[in-house]
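Based on the sequences and whatever the hints tell you, model everything.
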Amino acid sequence: MSNEPRLVEVRKNILKQNDVVARSLRERFREAGVLAISLVSSPGSGKTAFLEKALTLLQPRCRVAALVGDLATENDAARLARSRAPVKQILTGTMCHLEAAMVQQALEGWDLNSLDYLFIENVGNLVCPASYDLGEDLRFVLLSVTEGEDKPLKYPTIFNSADVAIITKCDLAAAVEFDEALARRNIQAVRPGMEILKLSAKTGEGMPAFLQFLESHNPHFRATAAVTQQSS
Amino acid sequence: MHELSIAMSIVEMAQEEAERRGSVPIQAVHMRLGQLSGVVKEALLASYEMACEETLLAGSTLLIEEIPVEVMCPHCRAPRMVRSIQWFCCPECGAPTPDVLRGKELEIVALEFRE
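If you read the sequences in order, they're chains A and B. Quick note: the first sequence, position 156, residue 156 per our numbering, numbers continuous. Quick note: the second sequence, position 33, residue 33 per our numbering, numbers continuous.
What the hints contain is simulated information worked out from the structure, not anything from laboratory work. Think of the CB as a built atom: it goes at the ideal place given N, C-alpha and C, for glycine as much as any other residue. Errors might be hidden in some of the hints.
[Unchecked claim] Pairs of lysine-lysine, BS3-like flavour, derived with a Cα cap of 30 Å:
1. B:K41 x A:K154
2. A:K202 x B:K41
3. A:K154 x B:K104
4. A:K12 x B:K104
5. A:K16 x B:K104
6. A:K198 x B:K104
7. A:K12 x B:K41
[Claimed, not checked] Pair by pair, the computed Cβ-Cβ distance ranges are:
8. A:D111 x B:Q86: 37 to 45 Å
9. B:L101 x A:G33: 28 to 36 Å
10. A:P60 x B:L101: 42 to 50 Å
11. A:D150 x B:M8: 32 to 40 Å
12. B:T55 x A:S114: 55 to 63 Å
13. A:S114 x B:E49: 43 to 51 Å
Below you can see the structure in the form of structure tokens.
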């Protein structure tokens, strides 16, 4: 036997295990007719406030639920429970991101057929969640006006992995001299053609457009009707 | 910092292969790491050493081939390397494109066994 190392080719996707679970989740969502949306952003950019508003607006008219990832507290789930939609907290402990298996486990006992929309709020982190497919149909990346317009350039990978960008806290835009055109240019630079929505969970500005956007991805859903009725 | 869990996956996969071959120790793992994989090379290398402890990979080397981002230019109709991941456009004609061909790799390509 020689002492030369023997080189063996083995093509293996390192995240295969996660990807396999994510694919099966995506298949389950499709079969159940539920649109799964994940939210990623840095901490404090308003994911929970946005989600609370979205659930509250959606809940009377359609079937929505949320999974919320958090490192250590259950505060977010408690806040979201006020919307009266089913909410489950995924405590990630020291994990800085959600993985598909955690979503799968959290969904145990839930009947997906009884849902129209499932929101999955990731841990506040613009780095680690980028690598993990959760089986979601759409990934929203949130950027608050208080964070600065260059966030997309600082974290291009996660912006590139998302399908839609949402500019949050737009009621504060003037106070912090947010340069919206620049933010939009930066988003388009890292993900050309990405759809951008702008809203304020506090004032409700932009929420009707968001609901319309959801409706356009699920023709069975009457969110716009719900909002029109609420605001009239 | 999710590099440790990535490193542990690499070690676990390589260890399985080594065990299938009669527990032959591994000297090196060759992998491809895309610039858009969301994994930082330096952090991965540091985590790898830790993850290898007390396995058939103890003392082994992780050899990383970094894969730059290549996009399809809709205008030139040709694959192009982007100049920066902060600017997804064709370096020749400037046309923006979200169509990524390469750069998301996170894979083991080969193992070097000590024998």
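Evaluation of the provided hints:
As the CA atoms of B:K41 and A:K154 are separated by approximately 17 Å, the hinted pair is consistent with the 30 Å bound. Taking the CA atoms of A:K202 and B:K41, the gap is about 40 Å. The hint is violated against a cut of 30 Å. For the proposed pair A:K154 and B:K104, the alpha carbon gap of about 18 Å is at most 30 Å, so the pair holds. Proximity of A:K12 to B:K104 is assessed by CA-CA distance (about 14 Å); at most 30 Å being required, the pair is judged to hold.
For the proposed pair A:K16 and B:K104, the alpha carbon gap of about 13 Å is at most 30 Å, so the pair holds. Taking the CA atoms of A:K198 and B:K104, the gap is about 29 Å. The hint holds against a cut of 30 Å. Between A:K12 and B:K41, the direct Cα distance comes to roughly 18 Å. Compliance with the 30 Å bound is thereby established for this hinted pair. For the pair A:D111 and B:Q86, the beta carbons lie near 44 Å from each other, so the given range of 37 to 45 Å is met.
Checked against the given bound of 28 to 36 Å, the beta carbons of B:L101 and A:G33, roughly 33 Å apart, stay inside it. Remark: the range hint 42 to 50 Å for A:P60 to B:L101 is upheld by a beta-carbon distance near 45 Å. With their beta carbons about 33 Å apart, A:D150 and B:M8 fall inside the hinted range of 32 to 40 Å. For the pair B:T55 and A:S114, the beta carbons lie near 45 Å from each other, so the given range of 55 to 63 Å is not met.
For the pair A:S114 and B:E49, the beta carbons lie near 48 Å from each other, so the given range of 43 to 51 Å is met.
The earlier numbered hints that this structure contradicts are 2, 12.
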